[in-house]
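> Sequence:
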Amino acid sequence: KLFTLTVVTLGLGACSDMAETKVLPLLEANNDNYTLVWNDEFDGDTIDETRWQYRLDCKHWSKQQKSNNVVADGYYTILLKKERVECPNNTWLQPGQKEGDEPARVVQYTGGGVISKSLFRYGFYEARLKTPVGAGWHSSFWMMKYLEKPENSDSLKFNPLDDQSLHSHIELDPFENDSIDPTHFQTDAHQWKPEPGTEDKGRTQNKVGTKQIRFNDGTTFTEFHVYGMEFTETHVRYYFDGKLVSETEFPASRYKHNDVNIWLTGLGTFLGNTQAIDDSKLPEQITVDYVRFFEKNI
Numbered sequence: 001k002l003f004t005l006t007v008v009t010l011g012l013g014a015c016s017d018m019a020e021t022k023v024l025p026l027l028e029a030n031n032d033n034y035t036l037v038w039n040d041e042f043d044g045d046t047i048d049e050t051r052w053q054y055r056l057d058c059k060h061w062s063k064q065q066k067s068n069n070v071v072a073d074g075y076y077t078i079l080l081k082k083e084r085v086e087c088p089n090n091t092w093l094q095p096g097q098k099e100g101d102e103p104a105r106v107v108q109y110t111g112g113g114v115i116s117k118s119l120f121r122y123g124f125y126e127a128r129l130k131t132p133v134g135a136g137w138h139s140s141f142w143m144m145k146y147l148e149k150p151e152n153s154d155s156l157k158f159n160p161l162d163d164q165s166l167h168s169h170i171e172l173d174p175f176e177n178d179s180i181d182p183t184h185f186q187t188d189a190h191q192w193k194p195e196p197g198t199e200d201k202g203r204t205q206n207k208v209g210t211k212q213i214r215f216n217d218g219t220t221f222t223e224f225h226v227y228g229m230e231f232t233e234t235h236v237r238y239y240f241d242g243k244l245v246s247e248t249e250f251p252a253s254r255y256k257h258n259d260v261n262i263w264l265t266g267l268g269t270f271l272g273n274t275q276a277i278d279d280s281k282l283p284e285q286i287t288v289d290y291v292r293f294f295e296k297n298i
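Residue 98 in this note's numbering sits at position 98 of the sequence shown; the count goes up by one each step and never skips.
Hints may be right or wrong, so weigh each one.
[Claimed, not checked] Once the Cα atoms are required to be at most 16 Å apart in a straight line, the calculated EDC-like pairs of lysine to aspartate or glutamate come out as:
#	residue 1	residue 2
1	Lys81	Asp279
2	Lys130	Asp241
3	Lys211	Glu233
4	Lys201	Glu176
5	Lys207	Asp188
6	Lys82	Asp278
7	Lys281	Glu176
[Unchecked claim] What follows is a list of derived Cβ distance ranges for each label pair:
#	residue 1	residue 2	range
8	Asn273	Val106	20 to 26 Å
9	Arg214	Glu99	28 to 34 Å
10	Ser118	Lys201	42 to 48 Å
11	Glu102	Phe224	40 to 46 Å
12	Gly44	Asp279	29 to 35 Å
13	Lys22	Arg121	19 to 25 Å
14	Asn31	Arg105	44 to 50 Å
15	Asp259	Asn31	21 to 27 Å
Read the hints as simulated data drawn from the structure, not as lab findings.
Glycine residues also receive a C-beta, built at the ideal position from the N, C-alpha and C atoms.
Just need the whole structure built from these sequences, with the hints factored in.
Okay, structure coming up:
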């Protein structure tokens with residue numbers, strides 16, 4: 001830990017048992033325009049289940065398990081393991097399979113993740129984390145409203161039993177990394193299920209401001225860095241260690257903004273042109289120092 005957090009407000013759930021000190025987001029300018037209203041510094045010895053629910057699904061090459069989410073020594077870790085687990089509804093092909101093969105419906109790896117129980121909208125989202133060593137893992141700090149998964153489905157994005165899934169909703173991605181390349185991450189903003197005729201050409205969604213951010217100066221995400229995102233009625237701005245790296249117009253008038261949950265995810269995947277998970281590096285983990293949400297001062 002760099003420091004022990006203390007906060008100036010309890011708001012939605014900012015937590016502290018220390019003397020009050022103002023905490024500001026890490027960004028280049030105007031950070032004093034924000035007040036911390038929700039956070040987790042992971043200073044306990046277990047996941048705070050009043051703040052978080054678990055991501056429990058099979059996707060790509062891993063099953064996300066509750067037991068792989070651990071808090072200790074001031075950090076939250078998503079454990080990444082090689083272990084065989086049945087996934088009857090998982091139709092993704094596994095390493096070694098080729099197109100046309102029958103889905104194995106078994107995975108050889110497990111990951112994890114948590115989803116905030118609180119909903120948020122406009123403000124500044126921030127997390128300090130580091131990614132695993134070795135190819136095969138997707139690490140992400142992102143925002144989307146959690147939709148309950150229908151029975152016998154592995155989809156987290158669309159639930160036909162939930163009326164909201166039939167209507168527009170947004171996804172915001174301040175940090176997505178595939179561990180095969182620890183010098184690159186992607187930012188995105190999506191509008192899922194837009195009104196017919198308003199989709200991006202050739203898509204069933206709108207995908208806005210995608211940016212590939214790559215470093216060639218020795219920076220790697222296997223060391224701790226701070227990832228931030230400012231979300232307003234008109235723009236999304238993405239920050240890396242306090243510096244603006246991407247900005248895109250994302251007006252509510254077009255993309256139908258809604259409240260979102262905060263997600264932290266670690267799963268095994270073929271993304272990034274990954275052919276296989278590097279077993280020699282396992283077990284590994286994603287390590288999160290803190291997650292914070294700030295609201296703009298009125």
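> Enumerate the violated hints, using their earlier numbering and listing them in ascending order.
3, 4, 7, 10
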